[in-house]
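> Residues per chain, in single letters:
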Amino acid sequence: MEHLSFDFVRKILSRLQAIGFDQAEVLLGNEHLTEMEVDVSSISLLRNTEADQLVLRAIQGGRYGSVVVTQLDDSRIQMGISKLQDQVMSAPVDEARTFAPQPLVAMNEMGPLEPQHYAMHNSLSQFLVAVSEAYPECVLKQALLRYHRGRRIRMNTVGHETDTTEGYYSFGVRFLSKRNGKTSQIGFNGSCSADLGTDLIEWGGIRRALESSVREINLAPLHGRFAGRVIIAPEALYILMGHWLQNLKDEKILSGVSPFRDKLDKPVCSPLLSFSIEPRGGSFARHEFLTDEGFGSEPSTIVKDGILKSYMLSDYAAKKTGLSRGESSGLNWVFGAGKTRLPEMFGGIDKGLLLGRISGGVPAANGDFSGIAKNSFLIEGGYLSRPISEAVISGNIFDMFNSVTAVSQDRSNDGLALIPWIGVDGMSIRGR
Amino acid sequence: MIDLRSLKSEFVPGSGPNRVYSEIRYQDNRETRIDLTNGSLETNFQESVRGVSARSFTGGYWGFSAYSNPSKDAVIAALREATRNAKFLAGRSEKSDVGIAYPGVIQFEKSYASTKTAMSPAIWIELLKALDNYIVKKYPDLRGRRLSLWSLEMQKQLATSDGSEVHTTVPRAFFQISMTKESKAGPVAFSDTRGGLGDLQDFFLDTPQNFEPWIDEIYDMVSRKADGVKPASGVFDVVLAPDLAALLMHEAVGHGVEADLVQAGSVLWDRLNQMVASPLVTYVDIAHTYDGTPAPRPVHVDDEGVEATDTVIIQKGVLKSFLNNRETSVHYEQKPTGHARAFQYSDEPLIRMRNTAILPGTTRIEQMIASIEDGYYFMKPGRAQADTTGEFLMQVGTGFEIKGGKIGRVLRDSAITGFALEFMSSISMVGDEFQWDTSGYSCLKKQLMPVGLGSPALKCKVRVSGG
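If you read the sequences in order, they're chains D and L.
In this text, residue positions in the first sequence follow our numbering: the first is 54, and each later residue adds one.
In this text, residue positions in the second sequence follow our numbering: the first is 2, and each later residue adds one.
It is worth saying that the hints were derived from the structure and are not from the lab.
Since the model is a prediction, treat every value here as computed from it, not as a measurement.
There may be inaccurate statements among the hints.
Here are the simulated lysine to any residue pairs, SDA-like style, with alpha carbons at most 20 angstroms apart [unchecked claim]:
#, chain 1, residue 1, chain 2, residue 2
1, L, Lys139, L, Lys73
2, L, Lys73, L, Lys130
3, L, Lys96, L, Leu206
4, L, Lys381, D, Gly420
5, L, Lys447, D, Ser95
6, D, Lys305, L, Asp36
7, L, Lys88, D, Gly420
8, L, Lys117, L, Lys73
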């Protein structure tokens, strides 16, 4: 670990400067992972990994190159530098590449810095007991309790010197429920936390998902087709919103596919929706101090009352398009809370769907998508009536986020996102 | 490279209930990626992810440890830590099912590395720029274009405590061209990919002019798709092109026979030696060689040091075997045939498919199309998902109507859904021309993993999700 120092990074940067690059940058990362895995209801694996990564970047005459080295002996670093020279020489001139200046905060250290093996084992064992006692019909297929620690030292020739470290825990479970030969669909849930002080079953939406799994045992195929209101649960909304947000990011903006290219300060979705990024938000387990390119990460409003307030572009894509750079790389989503209590959202729905999870692909270029409704319930007469299978939900993702009827007061926090339930109209739901 | 043989004395196998099985691995994943998006060099990187790892098994528990700076000292440290991790778990609770298979010792060395000289990134960037210029000049009505080259060479060296020693190098390389065009119903996209086993210089070291017919084909398809129609919804007779059939079988059926997912409740868990598909279907996970030539992702020995042999999953419609690792082969009393694979040095081996293939039948694709009065010919797969119930959804990027036994209008993006068992039972014709997929598919199951996918065209029934 002695190589994880400013001195080590500074020496490499000096070598890049000595070559004569106009600008250069060195990013040294170290990732530690400790993982305990439950495989079919019993703990089966303890795994730890330690990985270094050295990223060398340089610009000369507007030509940019980037090389990754994962072995930090002198000969490998020299090979990396030689490859970087080749890359820079071969790259086309592109004045949009620059390096980030020194941010306001240079040093940061957050979260637990070492894994607690005994505490992890105890938490996982207690979780297995808690599930078997509270939900005896639930069968855990896999559970992963992980401790992560990442440290990054970045230094460049425009004065940037930062050193950030953060540790946190993550937990993910996959399960189903069985009774009298009947089986629910597979369910997933997961969350993150800065410590193990809370029982794992209470993390994020895990208990809610386990309870839902037991209720799903009596599922039956949906028959026929209808167009109705869909209440989208946080887990499904996270996926669907992720697809929608791609249209504010580099690839879709650069390639010209995004419909939002000229929509800054214009409506892009329902006025009921507000969405922001809080990279260092206190409600979350993980924090982003710097963007992927090294700029200081700051909170930002992406959508306010349906109006697009900022894109989520890298500095490179921003310069290529003339749009503004995103204030962060997008960690920690915050959906604005609505005014409707969750039970009230079901009221008035003659026939609709509570969408627990969606299994499917990415929307087509024009936003059309379809997916199988998983962990989902039919809504009839204003109430949840029964769990359903074989239901395909389809629509257009841009139309869907323009057709929001309600946003719940309640929000689920899985350690990475604070997300409500939303109601949308106009979706096609097709059964067997 | 590290001489792992010199470290075999570090294994501490023990005996009886204290027996420890261990494996040590050195791995180097060398990756190149170049993306030219609307003329901008969006990505240009070369990466070598190298490291060492060790895994140990004792008392029914696994321990694993990995370090990114490969050295003999790092191997020794990883081995000790992996064993300590397994003993940590074993010391906290006992397990009744504690066995793994010891199928025999193998020494093996094989390299598929290119014999041609590797080109610098400059050569590839110049090629992409030349092709991009061609597209811009000839097809100015396109809204977006993306040209991507990527390659991944995996070099692995393995030694196990029961004596196996393995050294393999397997590269693969691909070239994808994507185009987006405006239509009345918004933008439509189409992409095509070429490549396979080998390195970039094995496939794409050619003059720009020789790629132009391929570019013209892609433009033609995206243009026809822009004027395409949505398919109707409902259950239809369809013909699935080889690429699409192969991916659908992988997602909906192949995962369902991976023994770890079988233990987790796959729909096929209690179907061994039962009819699960049409008798026309024989489905095999090819280890390394098909019809005398290397499969797209050849595996001769897996990452547990087990010799890889072909696994017949379904024979004439009957489910014959699951895909096992050393541990599940004991549980299911089946011979391990080399399915445990790890993506990076820091990953533990998981049960993975290698080169899954439906073996060819006797029907020409023209006969299949001619036999359908009202249905579809689905060609290009998009993303596909299936769960352990076998319920699947597959996006379809390209297809055609079939009306009166003839190919009709081009389709816009659509999707097909169904259940694995119903889909396999509905297969009524199997094509006579087998093809390996060339899309460069990597499967995600905790880790990514390059896999090979092969099939002839199939005629079957699926539920179509159209407009």
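> Does each hint hold? Answer for all of them.
Against the structure, the hints come out as follows:
1. Distance restraint check for lysine 139 of chain L and lysine 73 of chain L: the Cα-Cα separation of roughly 56 angstroms exceeds the 20 angstroms cut-off, and the hinted pair is therefore not satisfied.
2. Taking the CA atoms of lysine 73 of chain L and lysine 130 of chain L, the gap is about 44 angstroms. The hint is violated against a cut of 20 angstroms.
3. Taken as a hint, the lysine 96 of chain L and leucine 206 of chain L pair is broken in the structure, with Cα atoms around 56 angstroms apart against an allowance of 20 angstroms.
4. This hinted pair checks out: lysine 381 of chain L and glycine 420 of chain D have alpha carbons roughly 18 angstroms apart, not beyond 20 angstroms.
5. Of the pairs offered as hints, the one joining lysine 447 of chain L and serine 95 of chain D holds, with about 18 angstroms between alpha carbons and a cut-off of 20 angstroms not exceeded.
6. Proximity of lysine 305 of chain D to aspartate 36 of chain L is assessed by CA-CA distance (about 13 angstroms); at most 20 angstroms being required, the pair is judged to hold.
7. Straight-line distance between C-alpha atoms of lysine 88 of chain L and glycine 420 of chain D comes to about 52 angstroms, which puts the hinted pair past the 20 angstroms bound.
8. Only pairs whose Cα atoms come within 20 angstroms are accepted, and lysine 117 of chain L paired with lysine 73 of chain L is rejected, the gap being roughly 32 angstroms.
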